[in-house]
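Colleague: Each chain is listed here by its residues.
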Amino acid sequence: MTSSVATSEHETGSLRDRVMDLVRATEIDGRLLGMIVTLIGIEIGFGLYTGGSILSPVNLLTFATQAVQIAIIATGMVLVIVSRNIDLSVGSVLGVVAMTYAVLMHEVFPTTIGVDTPYGWLIALGAGLLIGIILGAIQGFLIAYMKIPSFVVTLGGLLAFRGLVFDISGGSTQAPDDTQFVVLGGGPLGSLGGTISWAFGAVIIVAIALYLYYNRRQRRRFGFPVRPMWAEVGIGVVGLLIVVGGVAISNAYHWPAGLIEQYAAQHGISPEGLVIEAGVPWPAVILLAVTLVMTFLATKRKFGRYVYAIGGNPEAAELGGINTRWTIMKIYILMGILCAISAAISSAQINGATNDLGNGYELLVISAAVIGGTSFAGGVGTIPGAVLGAIVIYALRYNLQYIGLPSNNQDIVIAVVLIAAVAFDTYSRRNAT
Amino acid sequence: MSVQQQPEPRPPAAPPPGGAGAANVTPAAVAGGATAPLVEMRHISVAFGGVKAVDNVSIDVRPGEVVGLVGGNGAGKSTLMRSLSGAHKADSGEILIDGKPVTIANPRDAKNAGIETIYQTLALADNINAPANLFLGREILTGVGTLDDSAMEDATRKVMGRLNPNFKRFRSPVRNLSGGQRQSVAIARAVHFNAKVLIMDEPTAALGPAETEQVRELIRQLKSEGLGIFLVSHDIHDVIDLAERISVMYHGRLVGTVDKTDVTIDEVLGMIILGQPPDKLNREQIQSLR
Ligand SMILES: Nc1ncnc2c1ncn2[C@@H]1O[C@H](COP(=O)(O)OP(=O)(O)OP(=O)(O)O)[C@@H](O)[C@H]1O
Ligand SMILES: [Mg+2]
Chain A
1 MTSSVATSEH
11 ETGSLRDRVM
21 DLVRATEIDG
31 RLLGMIVTLI
41 GIEIGFGLYT
51 GGSILSPVNL
61 LTFATQAVQI
71 AIIATGMVLV
81 IVSRNIDLSV
91 GSVLGVVAMT
101 YAVLMHEVFP
111 TTIGVDTPYG
121 WLIALGAGLL
131 IGIILGAIQG
141 FLIAYMKIPS
151 FVVTLGGLLA
161 FRGLVFDISG
171 GSTQAPDDTQ
181 FVVLGGGPLG
191 SLGGTISWAF
201 GAVIIVAIAL
211 YLYYNRRQRR
221 RFGFPVRPMW
231 AEVGIGVVGL
241 LIVVGGVAIS
251 NAYHWPAGLI
261 EQYAAQHGIS
271 PEGLVIEAGV
281 PWPAVILLAV
291 TLVMTFLATK
301 RKFGRYVYAI
311 GGNPEAAELG
321 GINTRWTIMK
331 IYILMGILCA
341 ISAAISSAQI
351 NGATNDLGNG
361 YELLVISAAV
371 IGGTSFAGGV
381 GTIPGAVLGA
391 IVIYALRYNL
401 QYIGLPSNNQ
411 DIVIAVVLIA
421 AVAFDTYSRR
431 NAT
Chain B
1 MSVQQQPEPR
11 PPAAPPPGGA
21 GAANVTPAAV
31 AGGATAPLVE
41 MRHISVAFGG
51 VKAVDNVSID
61 VRPGEVVGLV
71 GGNGAGKSTL
81 MRSLSGAHKA
91 DSGEILIDGK
101 PVTIANPRDA
111 KNAGIETIYQ
121 TLALADNINA
131 PANLFLGREI
141 LTGVGTLDDS
151 AMEDATRKVM
161 GRLNPNFKRF
171 RSPVRNLSGG
181 QRQSVAIARA
191 VHFNAKVLIM
201 DEPTAALGPA
211 ETEQVRELIR
221 QLKSEGLGIF
231 LVSHDIHDVI
241 DLAERISVMY
251 HGRLVGTVDK
261 TDVTIDEVLG
271 MIILGQPPDK
281 LNREQIQSLR
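Chains A and B, in that order, give the protein sequences. Number 433 marks the last residue of the first sequence (my numbering); no jumps. Number 290 marks the last residue of the second sequence (my numbering); no jumps.
It is possible that part of the hints are untrue.
Sample of chain B residues at the chain A side, in silico, Cβ under 10 Å [what the hints assert, rightly or not]:
| id | residue |
| --- | --- |
| 1 | 86 |
| 2 | 114 |
| 3 | 234 |
| 4 | 250 |
Output of the computed footprint for chain A on chain B, the stretches with three or more beta carbons under 8 Å from beta carbons of chain A [as the list claims (entries may be wrong)]:
| id | stretch |
| --- | --- |
| 5 | 125-131 |
| 6 | 136-142 |
| 7 | 146-152 |
| 8 | 235-248 |
List of simulated lysine-lysine pairs, PhoX-like, C-alpha gap at most 25 Å [as the list claims (entries may be wrong)]:
| id | chain 1 | residue 1 | chain 2 | residue 2 |
| --- | --- | --- | --- | --- |
| 9 | A | 300 | B | 260 |
| 10 | B | 52 | A | 302 |
| 11 | A | 300 | B | 168 |
| 12 | B | 89 | A | 147 |
Bear in mind the hints are in silico, worked out from the structure with no lab data behind them. Don't be surprised by glycine CBs; every beta carbon is placed ideally from N, CA and C.
With these hints in hand, go ahead and build the complete structure from the sequences.
Modeller: Spelled out as structure tokens, the structure:
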């Protein structure tokens, strides 16, 4: 026995089987791999169609930054759907929190602690987080302890919290934001800068290597089969290439002329020939952190194990002595936190908050999770899958818009992708084992 | 013939129908009081809406003993066992462990009391693998509080080695396992945690002959280690083979508990099918079962 179940269960045969065996030896989720290939396919396709212009760093960064708001919430939606529930309220929760940030920073703080105090934005973030937690806890309590179906509770949340946005804002759009807060939204001023981006990339590469090493050692400790060395190295190299590529693309985006002139004037230097690399945008850093933490919770903590067990068989979870109600309530609290994080990015990006911010996000978030392989039957879904799902949706949206397809037709394309992804899952599951 | 019928409920409850049989005191006393019961269930009743699934039933098991629980479909065997494993709270009655009354309000209480269960439905989460199911609710953690999947897999390999040595699929979701393999996982889960009392509800229903023999051997071994085992089975031969005593249920009631040395298979069948204790059955009725 050299690697996983693959070797014992599959005779090598056709080329397809042999390729599948190679993939299996790496123990990489085939679903994720498929999505990455799809994403690369989309980018290459549109790249060819537009003669490469769509692949410019600024375009890639723009859609990636837009996808972040959906991707962050989608990481939690995976757990919601895995546990056989749904959350339709995410857009409205995001709206409430974003409006809270805006109102605090533009109406409350100026008359209390003053404008642009260094910690004002942190207080606002803390308040938003708290509101997210409270709204999530209320819904979670109704669903888990009062046994009201999550569809009903969160449909109520969708309506009620949107109404709340208007109450908080007094009906008007709130702008502009705290200058430190705006950094969270990305863009040239909201990125790490060239040098720090490379340092950031280096840290990630070291982390990947350590993780691979730790896993291997852990398996060895019990004498379990480990991945073949070539697969181990291959994964490391692919990871390295992705990180280097990501940082290189981010650094290839330079500050636009207007900002350069401002910066030069402020620092009393000549704008002539001055090039500043933007680097990795903060939203991307935040998304990476959220994805890691959520994946950790889902796969390495009891909480995640229980969420999946509940989704697989609620009765078995109950008979296992799991506190299923508290587990479900925690999922919704987590959703509130994720909505608050996403609200910070959304609101920083538009430099304020509008009354309809987050409208319709629930559908995008659910689509991202489902495209990413989360099943409504419960028990199945991965967090990296949902993140990739969000990126696929926004890659399509952005690129279709770029080539001038009207937005209603963009929706048609995304709908086709959504259904195709689920059809693929249904088909491959039927053919599995 | 030491037939225990349903013990008289304590006053002021009404006498149970058909319960006016031979002299009966507490089950332990009838059995000679050699060893005190490990678990005693007294006057347990469970109703679902209007259906009395379990009606004033008392049974017990002693250390190192297998008690077979038999009866037709819907007789109430699983419901009675589920009230002991904490899956469903009994409407009335009491449970004693080592002679002390205990409250079993949920599965956790039962496990803490040393009662492990193999459910008829297996109670496996299909989407996670065998080690995750085996340790569901009792995960092994690393020093920093994360799931120690390697340690759990290692432990699972060890238990399965004893139960079903051919089992190799430790990484697949149990959905992908055969019915018998799934049953092995459920059995492994029940025996891994050093139970005092084991409830086995149809533990071999899906097993092949070799695996069934393995489970029989396991039951004998656990018995010799001093566990008390409730074995629910439709296989009379299995029950006669493994059990010391046999409790028979019929339409929610306990027909009686008999010593296996005192009865014939036909008499047990009579109890199951006709719902009457052997001394109430006549030869013709037993003959008619053939
Ligand atoms: N959750 C439930 N809700 C309603 N009725 C139930 C429930 N569980 C069991 N019953 C009823 O209680 C009675 C006893 O069922 P139980 O499962 O205990 O029978 P059993 O003796 O285990 O049968 P089998 O040999 O078929 O497993 C049946 O009439 C059944 O319909
Ligand atoms: Mg049953």
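Colleague: Determine for every hint whether it applies to the structure shown.
Modeller: Hints, one by one, checked against the model:
For residue 86 of chain B, the interface hint holds, the least distance from its beta-carbon to any beta-carbon of chain A being 8 Å, beneath 10 Å. Taking 10 Å as the C-beta contact cut-off toward chain A, the hint placing residue 114 of chain B at the interface is violated, the least distance being around 14 Å. Interface restraint check: residue 234 of chain B against chain A, minimum CB-CB distance 22 Å, threshold 10 Å, status violated. Evaluation of the residue 250 of chain B hint against chain A yields a violated restraint, the C-beta minimum of about 27 Å exceeding 10 Å.
Look at the stretch 125-131 of chain B against chain A: 4 of its residues bring a Cβ nearer than 8 Å to a Cβ of that chain, three or more, so the hint holds. Residues of the stretch 136-142 of chain B with a Cβ under 8 Å from some Cβ of chain A number 5, which satisfies the need for three, so the listed coverage holds. Look at the stretch 146-152 of chain B against chain A: 4 of its residues bring a Cβ nearer than 8 Å to a Cβ of that chain, three or more, so the hint holds. Residues of the stretch 235-248 of chain B with a Cβ under 8 Å from some Cβ of chain A number 0, which does not satisfy the need for three, so the listed coverage is violated.
Restraint check for residue 300 of chain A and residue 260 of chain B: not satisfied, since their Cα atoms lie roughly 50 Å apart, outside the 25 Å limit. Of the pairs offered as hints, the one joining residue 52 of chain B and residue 302 of chain A is violated, with about 38 Å between alpha carbons and a cut-off of 25 Å exceeded. Our distance criterion of 25 Å between C-alpha atoms is met by residue 300 of chain A and residue 168 of chain B, whose separation comes to about 23 Å. Taking the CA atoms of residue 89 of chain B and residue 147 of chain A, the gap is near 19 Å; set against the 25 Å cutoff, the hint holds.
When held up to the earlier numbered hints, the structure conflicts with 2, 3, 4, 8, 9 and 10 and fits the remainder.
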